[in-house]
Structures are given as C-alpha cells and as structure tokens.
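Peer 1: Line order of the protein sequences matches chains A and B.
Heads up: the first sequence is residues 14 to 84, going by our numbering.
Heads up: the second sequence is residues 743 to 1240, going by our numbering.
Fair warning: there could be bad hints in the mix.
To be verified - Partial list, derived from the structure: chain B residues whose beta carbon lies under 10 Å from chain A:
| no. | residue |
| --- | --- |
| 1 | 751 |
| 2 | 757 |
| 3 | 764 |
| 4 | 769 |
| 5 | 772 |
| 6 | 794 |
| 7 | 795 |
| 8 | 796 |
| 9 | 797 |
| 10 | 829 |
| 11 | 1015 |
| 12 | 1088 |
| 13 | 1187 |
No lab work stands behind these hints: they were computed from the structure.
From the three backbone atoms N, C-alpha and C, an ideal C-beta is built for every residue, glycine too.
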Amino acid sequence: MAVLTRPALDRAAIIKREIFYFFTGLAVTLVVLETLWPDIILVYFNLNWLWLLWLLSALSLLIKKSRPNKE
Amino acid sequence: MLRLRWRQRSFLFKLRLFLGLLIILLAAFFLYLKILPGGRITYEKSWPAGLRSGKGFISGFQPAERFDDSQFLRIVADPVYFYLFTPRAFNQATVTVTYRDRLGPDAPLVEIGVLQDKLTERYELQPLQNRVVDDLRFRWLRLEDSADRLVLQAERHYDSATEFFRDLRAGYLRDCPGGPTACLAVYNYEPDFNYRLPDYAPLRSLTIDQPLRGPHRFYLYLKDEPWQLSLDFVDLNQDKAQDPITVQVSCGNRIIASQTIADHNPTPNDGRLEDKHLVLSGAGQPAGACLADVRISSDVVMAKIVSSSDKLAFIGRVWPVSGTGSLRLFTDASYLTASTANPASLGEIHFAGRSFALSQTDEQFVFTAGEGSKEIVVAKDDIILSNNGVFALARSSLFNPAFWKADRPWSATSSLKYLIADYAPPREEAGWKTATARLSLAGAARENGRYRFLLSIPGLQGQPGAAADLEIRDLRITLNGLTLGQKIANMFRNLWPY
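Isolated chain A (complex conformation) (with noise of 0.2 Å):
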C-alpha cells in the first residue's frame, strides 16, 4: 500500500485503484443489504453488472502494475 501511494504515483492510476476499492465496497455493501433484505437489491438491479464492473477495474489495475515503469 505505501508503494501505490508514492508521489511519484500519477493521478490517474490513484483514480483507477481507488475505483477498484469503491467497486470492492459498494459490491460488498450492496451483498449485505441483499442477505439482510433478500431482494432488496435485486429487484432494482443485477449485481453480476457490478461484479463485472469490480473485474475489469481488477483486471486493468493488474494490467497496468505487470508493465515496466518507463522511468
């Protein structure tokens, strides 16, 4: 984590982690609500969609820390 935090981080891979943590928690909040009201979520929505969502933000943050860092 302090690794990713450096200032030589640029704004726009902060943003992408960071949205990866907010897919993680929505997802997570959004499973609670759903096994303490079963149907509460889903009736309004899929959350496969969100799933989807919270891997291709994983997928793409995993994609970016494989390359080699040109500086």
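Since chain A is already given, all that's left is putting chain B on it; use the hints.
Peer 2: Relative to chain A, chain B alone:
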C-alpha cells in the same frame, strides 16, 4: 480556516471521501426504498419488455402455456398467476391494467385478485371488466349511477334509489312475487338484506357421509333453536405441508363459532391416515342463513358432516371423493363446470337430464342448462364441480340466500328485474382499455416478501393459437400502507397501551 484545511488535504483523501460518501448514499437510497417512509409506491410492468437489469417487482407469470409475452402479455386461458414483490407490507393495492381483448360472449368477465389464504387458495377478486353489467347499463333504466354503486331496473317500478333500498331492507321488491333473491342480480355488492326461508320447518338433523376433499363453504339455515355442527376429517398426509383445520360459522358479519385443530404431526407426508373430529354448537340464532367456512388444505378430506339443520347448501364448489360412485347432487345454477386430475374419474356427467362427457384430465368442461334447480349425477367421483350457485346432496337441502351474481348473461325468460353493482367500466382510448381495481392487502398472504395475484377470465379456455385472447400492455400497481411515522407511533402505542 476550514477552507484552508480542506485545501491542505491530499487528492487521495478527497477522492476517498467522495467515493466513500457515494457508497453510503447508495446504501441509504436502497434502505429508503426498503422502508418507503411515505407508505406509498407504484410498481409497473410494460410489454413489450425493454432492457431491464433487475428482476423487477412484478414477475413469475404462470402457467406458461396460458400466455405468450413475446410482444404484449397475451393471455389465452384462464387463470394466470403472477407475483408482486414488495420490500415491506402494505394495506391496499390499486391495480391499473391497460389491455385490449377479443373475448367472446362466453367470457364476459375479467377480474383480478390477491391470495388471501394460502391453505385454501382463496383469492379476493375485484372486477376489471363485466360485459353483462356494461350491456345492461345501456339497456335497463338507471336508478343510480354513482361512484359507489350502479342500480338498474328492467322496467319502471321505482322512481328513486331511496325507495328501492327502503323496500329491499323490508324484504320486498315491486313486481317480485318470489322475493328479492328471485329478481335481484348483484355484482361485487352485498345488499343490506336478511334472507328468510318462507316455508321453513323447525330443525331436522342432516347427515352427509359423502367425503369432500379440500376447503368448502356452505350455507346453514338457522332459526331460534340451539344448533350443532359435527365434522369428521381425515388427514391424508400426502404432502409435506402441515394441515391445520379451521371451521368458522358466521351469521351476518358476526362470527358465532370458530374452532381450530393444529397439525402436530412431525412427518406430514408419511401417508398415514389421521382421523380428526370437530364439534361446533351455539344457542338459538335469529332466523337467517349462516355461513360455515371449512378451511382445510386439499390434503384433508371432510369425511362426514352431521348438522342439526337440514338446510345445508355448499357454495360454488364441491369436490366429492372416495364415495361409492353414482353420486347425486342438486344445484340451482344454469351451468356446471367440471374438472378432474384423476384419469379414473373421466366419463359421463348427467346434468339437468342431459349427458355430458368429461373426456380429459386437467381441463375445465362447462355444461349449460336452463334455470331452476337441477340434478347432477356423476358415475365416478374425484371430480371438482363448480358454478356460481349452490350445491346440495338432497333436493330438500337446496337453498340459496345469495343474490344472483351478474357474472354471466341470463336468459330473456329469467325473473331478474333489478341489478346492483359496485363496478366502473374500463375507459377506452385508441383501442386500449384501462381498468382499475382496488384490493385489500391487510389480510393477504405474503410469503418471502411476495403477494400472489390472479388474473381471472372465466370462460377463456383457448390454446396459444386461439382467436379469443386478452392482451395486456401495462400493469401498474400502486401500494398504500402505513407511513414510517405511523409505524413508530403504533410501536409506542403497543409498548405503552395506556
């Protein structure tokens, strides 16, 4: 100072704060939709269905062979069920349906209902369309046409509705020698009227040892003497559900006796027959028809009824089983609907002196005849018989304190001369009709957050390629219930009742 501090905060802090607040706001939004503090919400479903992410609130249409939803919701056979998911309980539902129909004269009625009792599968039905009333509205003379009721007369006997209702309360109607029940038809309306049997002899006991399966309701005529109703049941224990037995007797709107036998069998599907017995009794009642409501599941058979009154007529539906065959029944309705799930029960049914064939299982057959009381003879039982009248096992027991229900056309020779209905016809615009029905959800069955609805179009018995159908474009359900403030106030009231 605060502004300075905010400027000093890092970009990461601000971004996290924003995204964190977004999660909290979204969670709060869904919680708001769960609680619905205003106590009112509308859910809709339209056809053709657009792109939709969630499951939707109105779903689970079944059985699949009775409709086709590739464009509009095209219903070809009766009835069709669906579910409404609600995040909380409500007291009332206002259902608005936009539809067009190609229904023939055999299917004049479209009704919608909500499941009230899961055990007996009983629905509270409300009208969407009644062609019989719509037709009479323009052919007969209108005595009253208000939001509450429609009162019609075939010929000019009354000048005002006040006069008409005054006579009805007194048990008399002009040009009606057979009494009000002989010449008044009603629809979705219960007049203030106390039925009296004109030639009633004091109580004589009656024993019915024809087993009847599932829930039944019957009229019982009581007059001044103490009364008793003794019922024997057999729990077949064929399905997994518990089978409680409840019998309630009510006169007017007052329950005069009620008894329940809980089902404590830990293995309710072990196939072991269980005998149960119930006795209800009471002091003398003022003369009139009382209603006995036997609430049992179809896993229970009412094996024997011993009644102190011999005037006992089953309302609308009987399911005789396990008898000796060649059963004789009597009915006052002009038609008979028969169906069976048992291939061994297929065969002939004699109704009003004519023979009709019950040739297929799981299909409803409708047989018609003239008016007056008629005999039904079934060679084999395990057949569900139904109509809009009453059934009795002896001609002398047959009596019907209810008014004729205007849910199907009647012959020109009929004695019916008046009609009272609580019904508003659908509005028509550009070939589409819009009808509204109000349903009470206060006592409705709600399981896993879902209410079960029924769309009933009696007489519509087509196949997917059939010409007769009803196509629904929009289904809108507005729900009303307690607000959050009222719920909290009720909670405190229950905690501290004084």
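Peer 1: Are the hints correct? Go through all of them and say.
Peer 2: Verification of the supplied hints:
Annotation: interface hint on residue 751 (chain B) violated; nearest CB of chain A at approximately 14 Å, more than 10 Å. Contact between residue 757 (chain B) and chain A, as hinted, is supported at the beta carbon level, the nearest pair being about 5 Å apart and thus within 10 Å. A cut of 10 Å between beta carbons decides the hint on residue 764 (chain B): the least distance to chain A is about 7 Å, and the hint holds. Proximity of residue 769 (chain B) to chain A holds as hinted, the smallest CB-CB distance being about 5 Å (cut-off 10 Å).
Interface hint at residue 772 (chain B): satisfied, since its Cβ lies 6 Å from the closest Cβ of chain A, which is below the 10 Å cut-off. Proximity of residue 794 (chain B) to chain A holds as hinted, the smallest CB-CB distance being about 9 Å (cut-off 10 Å). Satisfaction of the interface hint for residue 795 (chain B) is found here, the shortest Cβ-Cβ separation to chain A being roughly 5 Å, below the 10 Å cut-off. With a least beta-carbon distance of about 4 Å to chain A, the hint placing residue 796 (chain B) at the interface is held under the 10 Å criterion.
This hint holds: residue 797 (chain B) has a C-beta 5 Å from the nearest C-beta of chain A, less than the 10 Å allowed. With a cut of 10 Å, the hint placing residue 829 (chain B) at the interface with chain A holds, because the nearest CB-to-CB distance is about 6 Å. With a least beta-carbon distance of about 38 Å to chain A, the hint placing residue 1015 (chain B) at the interface is violated under the 10 Å criterion. The criterion of a C-beta within 10 Å of any C-beta in chain A is not met by residue 1088 (chain B), whose closest approach is roughly 42 Å, and the hint is violated.
Here the hint on residue 1187 (chain B) is broken, as its CB sits about 17 Å from the closest CB of chain A, past 10 Å.
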